[in-house]
Every structure is written in C-alpha cells, then in structure tokens.
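**Q** Below, each chain spelled out in residue letters.
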Amino acid sequence: MKRTYIIMGIIIVSVAIFLLIRSVHNSNLDSSSKTQSLLNVFQFMATPESQEEIPPVDPEKVEMYEIEQAHFIKEILLEKNPVCAGEDFKVTVIAKNPFGPDAHLVYRISNKLGNPAILRFSRAGVREFYVTVRDEGKHIDMRKVQINVVDCGEKPLVTLSARLHNLEAESAIFEITSQKGLQGKCTYDWDFGDGTYASTHTGYITHSYASRDQKGLQSSFIVQVKVTDANGISAVGRSSISFPNVHYLSNLMGNPVIPVLYNKFPSIDGAYITVEINMKNIFDEPIAFNTAVLECRPCNTTLSPDYKNINPDQILESTFIAPKSSVKQLLKVPKSLLPGSTCNLTITLSGPYPDKREVYAKIFLNIPPQSKEDIDTTRDKIITDDDMIEKLNKAAQILGKDRPITPQDIQKLEREGKL
Amino acid sequence: MKYIPKVCIALLVVFTCSAVFAGQWVYKPMSINAQKGDIILSTSPGFIMDLLAILGCYWSHSGMAVDNGFNIRHNTMYVSEVPIEYNYIWFIKTTPKRMDPNRLSNGLPGILTEDIDTTYNVTQNFHAAGGAVLKPTAANEALYRQYLQLAADKLLYVKAYYRVNAYVNMYQLDYVNYYITGRGNHCSGTCWYANYFAGKTMNVAYIPPSLVTQCAYNLYSSVKNMVRDEAGGFGAFIIDIEGLFGTGADEKIANQIVNTFGWDRSWDTSAYWRTYINQKSATANAPDHLLLYTYTNPAGHNPGVQTTSSSYYGQVDPLVITSGYYYWVD
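Heads up: the protein sequence lines correspond to chains A and B, in order.
Using the numbering used here, read the first sequence as starting at 1 and increasing by one per residue.
Using the numbering used here, read the second sequence as starting at 1 and increasing by one per residue.
Extracted from the complex, chain B is given alone in its bound form (with noise of 0.2 Å):
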C-alpha cells in the first residue's frame, strides 16, 4: 500500500511525460553548399546593382562563407534607409535638400553575418537564382582550405562601414572591429581584405580615367532614372523629394551620388563631378572580378583577371540552397 502514492506519481510523471513528447513541429533551417571560406556571389537588385552595371557586372553581390553553409558575412548598405535631410526656416522644416551625407558616404549596417534563411528570404541580400560559390579546385581543396578557413576568421573580425567611394579607392579598410567614419569598403572590396587579412593578394583592377568618366555619366544617369521614375532601390523618401522639388531633385541626388563615387564629397549635391571626373582613375574590383580565368579562349586570348597565383579560388559552382522545412517528430 506503502508504494501506491510513488507508483502514482511515476505514472502520471510518464504519462505527462509523453503528452508533452507526443510529438512536434521543427524547423530545419536552410543552407547552402559552401565552406568556411567560399566566396558567395549574387544578382541581388537595387541600388548596388546600378553601381556595379557601371563594370558591366551581372554578380552584384558578393559575401564570404564563415561556416559550412549556415551564415554569411558581408558588407552592404540599405539605401533605402539613409535619412533625407531638410530645409528649415524658422526652424520649420520645409524641403526636403540631400540625403544624409554621413549615412551616404558610411553605409549601413557595413558588414554582417546573416544566417541563410535571414539573408536570402528575409533581406534578400542575396538571391539565389543565379547565385554562385567560388572556391578552390578539387586537387587544391586540401592544402587551400585551411588558408580560406582563416579568411573567414579574419572578416568574423573585421567591422567597418559600406563605403560607396571604394569603387574608386578600394584600400580604405583596416583590420579593427569597430567602425571608424571615412574608412570601409564594398561588398568585393571586403571579400579581398578578408584574403588580404589571411596573406593572400589577390589582383586589382585598374580603370583608366577615359573609362571612369563613362562609368560616371552611366551611374549618374541610372540614378536619375530610378528617382524620375520612382524605381529601383530607393525608398519612398526619394520620391518624397520629387514630388516637393519638382523638377531637378533627380538631378541632386544623381549629383549627389556620384560625387560620393568620385571623392566621397558625399555633401555636395552640385554637378562637381562633371568637371574632375576626366582626372579620375580607379582601384578597385567588383564581384564579378574575384573569377578566375586559366582559359586561352577560341580567339587566343587569356582573358585571366585572377590567375592561380594570385587566388585561391580556382572554381565556379552553381549555388544551391537546401530548403528550409518545418517537420514532425514523434
């Protein structure tokens, strides 16, 4: 009798037990098919995507693998988020007159890792559909990991602000972990340094001032479009500004951008470009400048941008996500 109440409690510790294990709803989140160290190119749209069409890019974005295949970190800024500045009169805000500058020229958020999930479906940082993984050949895997591996480590690291200028200057990034105003780079320009950071050099581009001064004209034209017509990747606030200046606010803020590009006067909103734009050459490179060509093409040239020298990264693969899902377990 002495053990009814222990029996008791047992049974109904069991049975509560199992009512609560009866079974469950998990979600496995997704990944992708990279290792710590990949690089991780994307056809994200929005504003980036029209600085990169001045390099005839179709990669727009690029990020760095720092697991296998659960987080990426890279550098981007939200261009939609950068505040409007306005006029005042009396202290009464009237026009609105240029995009913040400090936000401009110091993008935010800079570098961060997202997970895959976050970042492909939440922010749309990356896009998967035409989405590729740079990472060594098969025969240097074993040897070059380890040095990839330590890249990874070197940008877990390293904080700093997207920097709309580094497409002309793309050494303005120092190994801190904290930001530091006037000092970042761009998506590519990080995913270098972080190789830069491991000991690793990888080839620059250089843009002679002839080319820069089209790339100028190009941007400054694409911007005007996206503000006349109120599309690509900025923010209602843009169209806030035509609809209260009228006529010539595309024109500012087309200004604006490219003098942040040319000499990261990101506040003058006047046409200042226009006039040093043909002294202007550029150090930098775009995603689609990390590839890799050890190919002699049918014409006979080498059209090598990285040669296997200066990179570790010595093959393409086409990106695949494993799907998220939610699933029951007993």
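Here chain A stands alone, though its shape is the one from the complex (with noise of 0.2 Å):
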C-alpha cells in the first residue's frame, strides 16, 4: 500500500514537471529560447513574491494622442547624384511647418539628425534613405530618397566621422576614421560650420557649440576638414552634427533657462570663490536677475544641502541681460556665505519674464575637498594603484598639485604622449 502511494507520487511529480516544461516549450518555437524559458521558470520559484499587486495597464483608461501624417517636406535637394562610393554628398531638407513656426521641424535624414546633413555610402547601386521631418510631438511626414552610387576608381578620401560628446554638454567629437591616397605626415584645417576655425597634426578634435544661436529646436552644422600630406595632396573630408536646442525648448515648455558658458572648476582663494561667466539671453524678452539661490552640498553626499537666498547683486557686476545679447562678467562667491566643507555649489538666478513666469540661469561649480575629513566615503575613491598613482603625480606636475585632474585632462595628456 505505502509502496503504491510512493509509485503514485512519483507519476503525478514527473507529470507536473512534464507539463511544465512542455508549456515552457510551446511558448517558444525558438530552440534557443528554451534554455532562458526554463530559467525564468525558476528564476520564477526562487525570487519572492512582489510585497505588493499592482494591476497590469488597462489600455481603454490610458489617454490617447494621435500621431498624424503631416506634408511638412516641399522638396529634398541632393547636393549630387549619382555619387562615388565613399563620398559624401549634402542632403538639404526644404519643410514648411503649417502648424506652428517653421523653426519648430525637427529633421532626421537617414540616420543623421539635423538639417542640412551629409551622407555617406560606401558600396555601390541604388540606394535609398528616408527623411523624417515632425513638430513638436504630434505630427510627422516621411519621405523616401534614392540616390545612384557608384564606384569611381582611386582617388584621395577622407572619412570624416562627428558625434556628439559623451562627457561635455554642447560639444562635439570628431575624427577621421579612414583616408586613402594620403601619405607621411599630415595638416588637417578645420572648418566647425559655427564661423570657428582650428589646424592639428592629428584627425581627432572636440569643439564646443555652447555659445551658438539657438532660434529653433534643432541647431545643425556642416564640419570640414582639409587634409593635407607630406606631398602636398589634399583630400576634404565632410560630417554634420546637430543639436537639439533644450534651452529653446525650456521657453516652450514655460520654464526658460538661459546658456551660461563657465568654467566648473572655479578661482578659489582665502576670501571668495571665483569664475568667470557668459550668460547669453536666447530669447526676445530683457532679463533682470532679481534673486539667487545659494545651494551648497556638502562633501559628505549623505548629508542634506544648504540653501541660502541673496541678492544677485552680491555675487554679480551685472543682472541684466538684452534681448539677444551676452554679457561676460566675474562671478564672486564670499566664502563667508558657504558653510565649511561644501563641494558643489549651484547657483540658481532668476528674475521675472512675461506671462507670470521665472527665467533662470544656472551655475554647478566644484569645490574639491580640502582636507582628509572631506572625503565623501561613501562615494569617493581612494586611487590604490600604483601606476594611476605615478600618473597623476606627473599630472600634477605639468598642470599644477592645487588644481583637480580630470580624466579628460589624462587622457590629453597620454595622447601627448607626456604621460
């Protein structure tokens, strides 16, 4: 009888487990997909249960918008065609909004942001592209694009790569990936698009757009780099890059915020913390900054910040902005307002703008710890190894012991070779 019991057991056990696995298989036509079906299956059993229910989305409550068809594109001009393989050609986008400001498009060309943009195709035959073009968020047009390539043979070639910057706002990265038909030593001049120039001995730079116009959504520029060889042959190269303008779009969704250029590692001495500032005001309106907000995080991140409200002219030459116009004074911060170990200080300012809003600028600065005391345990990391040790103390050398190093600043420096 308890032999029975056990053999029974066994079958309903191996049953339960047979369906188990047979629904995980039929969830999946993937063989591939088995294997993670059956670990999610016990990922399942092993992790607890939620410590609360919340009911899945029930679409007929969710508020809809319409993303509709719009026919913002007139015309899309193709700077040549057909092109050589691995040439690139300027695509121009000609839209008219009928529903808002024309500055208000939003372009996306192939995979490239912005309007103009350059392509680049590198095998030959017929190829197409789509232009986006939308508004501010509901409607949108598409149109395809096709374009003949064709291989032309052997001739001087630059790739022109540019992104945007992974660690600076408002900048740029670019890099020259391939050239062909170029040889020994080489110049690149470069042309930014923004009416900036520069020359290197290498094909990589970054460049900085912080101080453009931003009269639109979207800020798009043309990069050019000539490159020069030992010879004499020159080759051009070509990329496009572009912005979207969040201080533009701050005024549209009624918070404007205006750019302010800075150094966030400011001038600090015994009395007063100092750096020197650009505010630029986009917009149509004057600015008269009539408070600043003080707020001072400590060292120690745990801790909660201290705020302090004072009068802008305390800190500022000049609270008043024209319309359309910069002004580039010294910010000085009194010491004395700032409890003991803060290490990032922002400073908020704000005056009144039509419509009952606020416009703001707003200033992170650094402050680095001073003493053992400041270091944030929690977050900060004590360097252990030894070689990042020797380099920072070459680094410190060449830049200054009082001023912080960035990784920025090592990486320049390896690429120097000073390091």
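I should point out that these hints are in silico values taken from the structure, not numbers from a laboratory.
Ideal Cβ placement from N, Cα and C applies to all residues, glycine included.
Treat the hints with care, as some may be off.
Cβ-Cβ distance ranges computed for the label pairs, FRET-style [to be verified]:
#1 A:I233 - B:V122: 49 to 59 Å
#2 A:E154 - B:T307: 50 to 60 Å
#3 B:L143 - A:Q69: 31 to 41 Å
#4 B:T201 - A:S267: 28 to 38 Å
#5 A:M8 - B:Y147: 48 to 58 Å
#6 B:T275 - A:I11: 40 to 50 Å
#7 B:T308 - A:E68: 30 to 40 Å
Put the two chains together into one complex; each comes in its own frame, and the hints tell you how they fit.
**A** Dropping the structure here:
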C-alpha cells in the first residue's frame, strides 16, 4: 500500500514537471529560447513574491493622442546624384510647417539628425534612405529618397565622423576614421561650420557649440576638414552634427533657462570663489535677475544641502541682459556665505519674465575637498593603483598640484605622450 | 627609563600613521543635475537611435534618476552582443543564419542601474551633449517630488528585458523583479511604467497603420544601410554575415528586425511584415513624447503631448555633468 502511494506520488510529480517543461516549450518556437524560459521558471520559483500587486494597464483607461501624417516636406535637394562610393554628399530638406513656426520642425535625414546633413554610402548600387520631419509632437512626415552610388576608382578620400560628446554638454567629437591616397605626416585644417576654425596634426578634435544661437528646436552644422599630406596632396572630408536646443525648448515648456558658459572649476582663494561666466540671453525679452539661490552640497553626500537666498548684486556686477545679447563678467561668491565642507555649489539666478513666468540661469561649480575629513567615504574612491598614482603625480607636475585633475586631462596628456 | 619603550612605540605609531596619511589621491565621481524621479533624456547613437528615427525623435534614450544625481536606472539592449545563429551541415558550422531570436526579442541587459561615470564614460549609454533633465516645475516641486521618488523606488524594484516589439505595443511590463520571456519594454516605456506603478498614467501616443507602415519601411531601409555600409550600432558579426552571405544578408537582418518590431516574430527573416504591415497600428511612447507642452504656438496650435494633468514633468533643464576629478588631500 505504502509503495503504491510512493509510485503514485512519483508519477504525479513527473507529470507536473513534464507539463511545466512542455508549456515552456510551446511558449517559445525557437530552440535557443527554451533554456532561457526554463531559467525564467526557476528564477520565478526562487524569487519572493512582489510586496504589492499592481494591476496591469487597462489600455481603455489610458488617454491617447494620435500622431498624424503631415505634409511638411516640400523638396529634398541632393548635392550630387550619382555619387561615388565612400564620397560624402549633402542633403538639404525644404519644409514648411502649417501648424507652427518652421523653426519648430525637427529633421532626421537617414540616420543623421539635423538639416542639412552629410551622408555617405560605402557600397555601390541604387541606395535609398528616408527623410523624417516632425513638429513639437503630434505631426510627422516621411519621404523615401533614392540615390545612385557608383564606383569611381582610386582618389584621395577622407572619412570624417562626427558625434555628440559623451562627457561635455554642447560639444562634439570629430574624428577621421579613414584616409586614402594621402601619405606621410598630414596637417588637418578644420572648419566647424559656426565661423570658427582650427589646425591640428592629428585627425581628432573636440569643439564646443555652447555659444551657438538657439533659434529653433535644432541647430545643425556642416563640419569640414582639409587634410594635406607631406607631398602637398589634399582631400576634404565632411560630416554634419546637430544639437537639440534644450534652452530654446525650456522656454516652450514655460520655464526658460538661458545658457551660461563657465569653467566648472572656479578659482578659490581665502575670501572668494571666483569664476568668469558668460550669460547669453537667447530669448526676445530682456532679463533682470532679482534673486539668487545658493545650494551648497556638503562633501558628505549623505547630508542635506544648505540653501541661501541672496541678492544677485552680492555676487554679480551686472544682473541685466538685453534680448539676444551676452554679458561676460566675474562671478564672485564670498566664502563666508558657504558652510564648511561644501563640495558643490549650485547658483540659480532667477528673474521675472512675461506671462507671470520666471527666467533662470544655473551655474554648477565643483569645490574640491581640502582635507581628509572632506572625503566622502560613501562615494569617493581612494586611488590605490600604483600606475595611476604615478600618472596623477606626473600630471600634477605638469598642470599644478593644487588644481583637480579630470580623466579628460589624463587622456589628453596621454595622447600627447606626456604621461 | 621604564617609559622609554612605550614612548618609542608611540612615536613609531605616530610616525607610521603620518607616513601613511601624508597624502593621497582621491577620485570624486561625476554627478548630474537630477533629483530622484527625474527623467534623463539623451541622444546616444546606435541601433536604438535608429529604431527611434522612425518617429523622428532627437532623443534616443531615456532613464530615471534613482537618487540625487549619482545613478540612473534605464532599459537598454546591446545589439552588438546579440549572438549569431549558424547553419550546420553534419555538426559543421557553415554560414550565419540570423541573429539569435530570443536575444533579439528579449534584449539584454534590460533594466539596469548605472552610476554616472559608467553610463556616460564607459558604456556610453547616455551622452552629455544634447542631454536634458525632465522635472516638475519649480511651483510643483514640493508637491510632486514625493510621487517621483515613489516612481524611482518602483523602478528600482522592477527587472525586465528590453523589447523591440514595445515600439508597437508598449503595454508589456509587469511589476516583478525577475525576467519574463516575452515581457519587458523599451527605454521610455519603462519610464512611463515607473510613473504608472507609482499611480500616474501618462498619455500615450497612438500611431495609425498608415504611419506604422512608413515607419516599418524606414526601419527596414535604415537597418539595411547599416549592414551594407558596416555602420551603425551593429557589431562586427553583422559584417561577417555580409561577407559570408554575400548579397541578401542585409535584407534578412532587416526583415528579422522589422518582423520583431511589428509582431515579435524574431525568428522570421522572411518579408512577412510586408504582407501585414498595413493593418498594424502602434501604441507607444518615444523619449520625446515624455515632454510636456503647455503653450499655444504662434499658429494657434497646441502641440501638447503630455499635459499638466497627465504628467508630473513640467520643466526641461539642460543636462549638467559635474566633472569627475582626482584631488589630492594631505
């Protein structure tokens, strides 16, 4: 009798396992999914129940807005057609916005944001790409474009890549990814498309577009580099880069913020924290700041920040900025205003703006810790790697021991062969 | 005399300690101007950017600050790490067949938390240039912050895959902290769900079949060009496929991705989507659709996507990264 129960039990457990595996099998047509699905089952079995039940979304109760087809695109201009394989060409979109300002259209040409854009196809054939234009949110237009790409034989060719900077806001990284038909040591003459230029001996450069005008939702630039080799032979590479104009957008969303250019590491002496700032009023209305809030974040990030409201006259010489103009001046914050052990100082300037709004300028400053007591043991990392310590000591000799050293400083010195 | 050894030991200890603490290099990590619950928008390049291209978005990625500026939780997939399946003849590996359907459909790492140094400098899932922070207006900050902190807490709990198919059907994330095959979301859908789990149902975009059709052709063309020109976010394996397959690999990969996008048919490299795409509508948000527009533009139109009642996020600030830096302390 006991044996029968045991056998029955084994059969029931076996059937249950079989059904479990089979249900997983049926839920996945692909063989490689099975292992993962079984893992899911065991994860599920091993994971405690969630602390609360949240019902799934009922789509009927979600408010929807419809994205609608619009007819923004009037014409698409190709700089050349046919084009050589590997050669860059400019695409310009002519569009009109019946639902608002043309400046509120956002462009995407193939996989490039912005208008105009530089494209390049490396393989010959009839190639196609899409142009997408949308407004602030609800309307979109798309158009397919075809171009004939042909093989043109050997000729000097420079491929320039452009990408938005991963660490520096408002900056871009330009890099020559390949150059053909050029020999020896080359010189590189850069035109950043914003009226500024540079010359280098390497095919890599970064450039800040922080002082650009922000007249719409997007700012696009065509960047060009002329590479000249040791024999005087030259070739030109182009690329395009586009920035979302977040300050412009902040105004559309009702809380205008103006761009401010400054070094995040201020000068610090016994009495003041000083930094040169350049405030740019990109809007059509004059700005007069009448309030400044100092947010002092302690070096120990587990502690709460300290806030102080002050008159902006205490830290700025000029608090007025005319429309579409800039004011460059020194910002001087008396150290007496800050609590001890402050490692981050955020200054928010604000003033009245039409339609009962406020306009803002925000400045974020790093104040490096001065003593062991200011080390944030929860986040700061004490460097113990001997190679890194040696690099930092060398970098400090070059740059000065009293200033903080950023990873970008280290990279730059390494690239220059100084570390 | 008897105190001499003790004095010597004390001096030795003091000397040793002062030698150890003569000074040291310390790294202060980067942080951003976000508070817990704020949404971070970014223009990172790659495959996801191209998925979003079809909606004309300029922000391609979004995540949520889960503390005051040191960590971001977000949902992403590394398409270059999707394994390739190969054809076999008698156990001998021959030509590449397709991208691993399971990994394409259920993208990894899915939802993860990264500190600012890692996500901006190492994985580069987020980019500083063009970045923005979505937060409540100053007037609503005191009231709304508690709800956004709750949203961040909910997101900290949730774990899920990145789902390419969520661009067509966003309603596929569960409040669980383990992976479920066939469930998950994309980046902005995950941020939407964090708010939903905290009690706020934001507006969602409906995209009619005529536009989804154009999106599908756009996506197909974009992926095909990426494969053919060895560009974009795909890894070298795609180039291997092209080299071994010869012509046609670009079409197979593009088909597989569009089939995944529209129907979650990640195993299908056929042109299935071309037959059925005209019937497909989409319900999904992209990062740009998390924005709030409260104004009437000069042409008298209100382009509102989110409204003051549908979203806690009323203000956009340019992203600021406080540089990470090494400092010396004596």
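**Q** With reference to the structure, classify each hint as holding or not holding.
**A** Outcome of the hint check:
About 39 Å separates the C-beta atoms of A:I233 and B:V122, a value inconsistent with the hinted range of 49 to 59 Å. Distance hint for A:E154 and B:T307: a CB-CB separation of about 59 Å, consistent with the stated range 50 to 60 Å. Range check, B:L143 to A:Q69: Cβ separation about 38 Å, and the 31 to 41 Å hint holds. Here the CB-CB span from B:T201 to A:S267 is close to 50 Å, at odds with the stated 28 to 38 Å.
For A:M8 paired with B:Y147, a C-beta distance near 54 Å keeps the hint of 48 to 58 Å intact. Under the hint 40 to 50 Å, the C-beta atoms of B:T275 and A:I11, about 47 Å apart, fit the expected range. Checked against the hint of 30 to 40 Å, the pair B:T308 and A:E68 fails, with Cβ atoms roughly 22 Å apart.
Violated hints, in rising order: 1, 4, 7; the structure is consistent with all others.
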